[in-house]
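The task is simple: from the sequences and hints, build the whole structure.
Heads up: the sequence shown is residues 65 to 167, going by the numbering used here.
Honestly, the hints are just simulated from the structure, not real lab data.
Mixed in with the good hints, there may be bad ones.
Quick list of in silico lysine to aspartate or glutamate cross-link-like pairs, DMTMM-like style, CA-CA up to 25 Å [claimed, not checked]: (1) K77 to D163; (2) K77 to D91; (3) K157 to E103; (4) K151 to D163; (5) K98 to E156; (6) K79 to D91; (7) K109 to D91; (8) K139 to E149; (9) K77 to E149; (10) K98 to D164; (11) K79 to E153; (12) K98 to E153; (13) K77 to D164; (14) K77 to E153; (15) K151 to D74; (16) K109 to D120; (17) K127 to E117; (18) K100 to D82; (19) K141 to E117; (20) K139 to D128; (21) K100 to D163; (22) K98 to D82.
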Amino acid sequence: MSNSQRDELDQIKAKIQDHLISSGNYDIINQQLKLKLYEAGWYDKIAQIASTELNDQHENHNKDLTFDQLFTFIKPKAENLVPNEVKQEILEKIVDYLDDTLQ
65 MSNSQRDELD
75 QIKAKIQDHL
85 ISSGNYDIIN
95 QQLKLKLYEA
105 GWYDKIAQIA
115 STELNDQHEN
125 HNKDLTFDQL
135 FTFIKPKAEN
145 LVPNEVKQEI
155 LEKIVDYLDD
165 TLQ
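Right under this line is the structure:
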């Protein structure tokens with residue numbers, strides 16, 4: 065994918081997000097996502113990963129761990145731990161919203 069295609073895709077994503085926000089649907093979908101993640105135990109899993117990493121860093125005498133470093137460590141793990149069913153359900157809600165909007 066070229067840089068211009070990436071830029072165009074980023075612009076489309078930004079427009080969709082702006083429209084979701086202005087319509088109030090962003091908050092609705094966001095709340096549904098948070099609930100699904102909570103029900104799946106995702107927050108607890110992420111808290112455990114963060115706690116383990118903090119303890120490991122402390123045991124290795126690395127007391128200079130920053131939030132950004134911890135976030136960089138956790139982010140890919142957190143993304144991978146989102147259940148596929150949750151991803152699919154939220155994606156379907158966004159697609160349904162866009163279908164309704166574009167008709």
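Now the hints, each set against the structure:
no., hint, in the structure
1, K77 to D163, "holds, 15 Å"
2, K77 to D91, "holds, 16 Å"
3, K157 to E103, "holds, 18 Å"
4, K151 to D163, "holds, 18 Å"
5, K98 to E156, "holds, 16 Å"
6, K79 to D91, "holds, 16 Å"
7, K109 to D91, "holds, 24 Å"
8, K139 to E149, "holds, 19 Å"
9, K77 to E149, "holds, 22 Å"
10, K98 to D164, "holds, 23 Å"
11, K79 to E153, "holds, 21 Å"
12, K98 to E153, "holds, 12 Å"
13, K77 to D164, "holds, 17 Å"
14, K77 to E153, "holds, 19 Å"
15, K151 to D74, "holds, 20 Å"
16, K109 to D120, "holds, 16 Å"
17, K127 to E117, "holds, 12 Å"
18, K100 to D82, "holds, 23 Å"
19, K141 to E117, "holds, 12 Å"
20, K139 to D128, "holds, 19 Å"
21, K100 to D163, "holds, 23 Å"
22, K98 to D82, "holds, 20 Å"
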